[in-house]
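Asks: Read off the chains here:
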Amino acid sequence: MTITDTTAPQATRRLNTSKAMVEAIAQEMRANPEVFYLGEDVGRYGGIFSSTTGLLDEFGPNRVIDTPISETAFLGLAVGAATEGMRPIAELMFADFVGVCLDQVYNHMAKIHFESGGHVRVPMVLTTAVGGGYSDGAQHSQTLWGLFAHLPGMKVVVPALPADAKGLMAAAIRDDSPVVYMFHKGVMGLPWMAKNPRSVDVVPEGEYVVPIGRANVVREGSDVSVVTISLSVHHALDVAEKLAGEGVSVEVLDLRSLVPLDREAILASVAKTGRLVAVDEDYHSFGMSGEVVATVAEHDPGLFRVAPERVTLPDVPIPYAHSLEYAVLPRHDRIEAGIRAVLR
Amino acid sequence: MSSTDSGPGAEVRRGLYETMVLCRTYEEAILREYHADKGPGFDIGKGLVPGEMHLSAGQEPVAAGVCAHLTSDDAVTATHRPHHLAIAHGMDLEAMTAEIFGRVDGLGRGRGGHMHLFDPATHFSCSGIIAEGYPPALGMAFAFQRRGTDRVAVAVTGEGAANQGAFHESLNLAALWRLPVVFVVEDNDWGISVPRSASTAVPSNATRAAAYGIPGERVEDNDVDAVWAAAGRAVARARAGDGPSLLEVHTVRLWGHFEGDAQGYRPELAELPGRDPIPRYAARLTDAGILDAAAIDRMKAAASERVEAAVAFAKASALPDPSDALDFVFA
Ligand SMILES: Cc1ncc(C[n+]2csc(CCOP(=O)(O)OP(=O)(O)O)c2C)c(N)n1
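In order, the protein sequence lines correspond to chains A and B. Take the first sequence: its position 186, counted from the start at 1, is 185 in numbering that gives the first Met the number 0, and no numbers get skipped. Take the second sequence: its position 315, counted from the start at 1, is 314 in numbering that gives the first Met the number 0, and no numbers get skipped.
The reader is advised that the hints may include incorrect statements.
Computed list of lysine to any residue pairs in SDA-like fashion (alpha-carbon distance at most 25 Å, straight line) [unchecked claim]:
id, chain 1, residue 1, chain 2, residue 2
1, A, 194, B, 37
2, A, 18, B, 289
3, B, 45, A, 216
4, B, 37, A, 216
5, B, 314, A, 322
6, A, 271, A, 216
7, A, 18, B, 40
8, A, 194, B, 289
9, A, 194, B, 44
10, A, 194, B, 45
11, A, 18, B, 299
12, B, 37, A, 195
13, B, 314, B, 329
Source of the hints: derived by calculation from the structure; they are not laboratory data. These numbers come from a predicted model, not from an experiment.
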């Protein structure tokens, strides 16, 4: 399979992230009758976080399928259908719910290709909503991408910006390996949730594919590298704009994929700036932020002019009360403090 | 508690009505507070009560009818829609409300929120993960059984949850070990936007009990007297050491799945007011000479006073200090 970075030259049309994601699904479903979408409330409701708005109307209930609340059964169904050559997209409403069906994800979806010596492919996409910031409590606010990325055998993509939401979805559907596609509720541009203006942006029309495993420098800078993903990209860009006013030049690297991880891009950025701030809305320990730091340390610790900073969710379940939740999430204030710490 | 197969007596029926009124009054107050400060427009993360909010209006007969047979020594595990059950089981309204407002005097000191009410005093707990309240109820029942008590655990889910593995595993294990559990299913026809007909292969979850060799009963029409009678049988059986039962109640979700749900998927919206169980029960009790308008007004006023006191308590309680955000991860 070839993946092309086909940037439409004069694109001006703007979409929010959810519409961009849906556009890619619809285009792939038109092009390939083997693609279907299943999950809870993905039909008439259009996805609790607008991940499937309009798909039922166009493709009907045989290809956009509401399931019972039986995640093990319908994710397992997707695995089996994929091994028979279909291209299912299965939605887990919140990543937090993976506990009830993790076995199908990590022991089946992720391992069958390996266990079969490469003879059996599992070309499916697992879509799931992640992230906090709106007081949904400890069971509905986690990102958990470090968990998925830790377990070998599935690719993990986490778009932050509308065009990437489209391009990574197209790539995920076309990929012959299982891909976990994690969309933060806060980047979708939902009308009922506080949103960053960056959740609406220019999205190329027509076919648009973003290669999985390639990071993107969303803002060039020379003093500090902020390496991050998902909603934190929005926050980091805000902070970078603010600090530019003080003459601080912040580079923001949007990893876009965690598996495979674009280590070259991390190294290139830190080689340039010598200062690293890894920002991660997942738990602090044993996760993405540590992996980013290790990537540099293993390659050449001499790239660090100062010790790196990690701005993460501390190892605590996400509290409900707004005052507590905002104390633990990596938002603007903490990202800015992290940047200032490496500038000292 | 006078529990007879012929149905509840006048005293019990007055109590059932009173409980239902308290539950509804509570949900109306939370509805008001929840929406008070969400604007402009509707921002789910804003206001005194932020986040998702699943209210139980219409489902009061389940809570009242079941919990009437329990004492605070019995355990209840509930769902993302827990308020009516918590209230009927006797949870302290002030601590409960303070938790829903995310305050330091809340049951969980603001850590949990409305889907995570944990109350050692009434052995009440709930979970936001569908069907996952069932397995812990087994353990509570196990502890009660091992200690030689006649205490019971009541596990409640919605009908949507009855298609989850945890539901079926729990029924089997409880049946196998004759655990003193009463499994309750609140069938409100909908799992968010998915109707029961699109989620469940059988018309009644009560029939699923047969697969585990335990009694299964379904109460139609949201009838609180019938719930009370059926729950009485199930609780008595569990207390006597005869093992678990399954009780499904056909109830109604009068409001959205969560607040902010436009319910465009729901064809029967217009008929919902006519399915409200509380005025219906009031009329029945009035016809039977058990209640009159003055008594009903008194009950409503008393409920309102209690609920407003709880809301005032919650609002007066302090917000958690951000510097304590890392507390309580470990014992
Ligand atoms: C394992 C899991 N899957 C999905 C959800 C999302 N979800 C929350 S409530 C709900 C519907 C539940 O329906 P039902 O059990 O009938 O209870 P009701 O909401 O009608 O009271 C769903 C799908 C969840 N919380 N947990």
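Asks: If a hint holds in the structure, say so; if it doesn't, say that too.
Replies: Here's how the hints hold up against the structure:
The suggested pairing of residue 194 of chain A with residue 37 of chain B holds, with an alpha-carbon distance near 14 Å, which does not exceed 25 Å. At most 25 Å may separate the alpha-carbon atoms for a hinted pair to count; residue 18 of chain A and residue 289 of chain B exceed this at roughly 57 Å. This hinted pair does not check out: residue 45 of chain B and residue 216 of chain A have alpha carbons roughly 33 Å apart, beyond 25 Å. Between residue 37 of chain B and residue 216 of chain A the alpha-carbon distance is near 36 Å, which puts this suggested pair outside the 25 Å criterion.
Proposed proximity of residue 314 of chain B and residue 322 of chain A is supported: the alpha carbons are some 15 Å apart, at most 25 Å. A hinted pair counts as satisfied when its Cα atoms are at most 25 Å apart, and residue 271 of chain A with residue 216 of chain A qualifies at roughly 13 Å. Among the hinted pairs, residue 18 of chain A with residue 40 of chain B is consistent with the structure: their alpha-carbon atoms are about 20 Å apart, no more than 25 Å. With a C-alpha separation of about 54 Å, the suggested pair residue 194 of chain A and residue 289 of chain B falls outside the 25 Å cut-off, and the hint is violated.
In summary, the hint linking residue 194 of chain A to residue 44 of chain B is supported, as the alpha carbons are separated by about 11 Å, within the 25 Å threshold. Among the hinted pairs, residue 194 of chain A with residue 45 of chain B is consistent with the structure: their alpha-carbon atoms are about 12 Å apart, no more than 25 Å. This hinted pair does not check out: residue 18 of chain A and residue 299 of chain B have alpha carbons roughly 47 Å apart, beyond 25 Å. At most 25 Å may separate the alpha-carbon atoms for a hinted pair to count; residue 37 of chain B and residue 195 of chain A meet this at roughly 18 Å.
With a C-alpha separation of about 28 Å, the suggested pair residue 314 of chain B and residue 329 of chain B falls outside the 25 Å cut-off, and the hint is violated.
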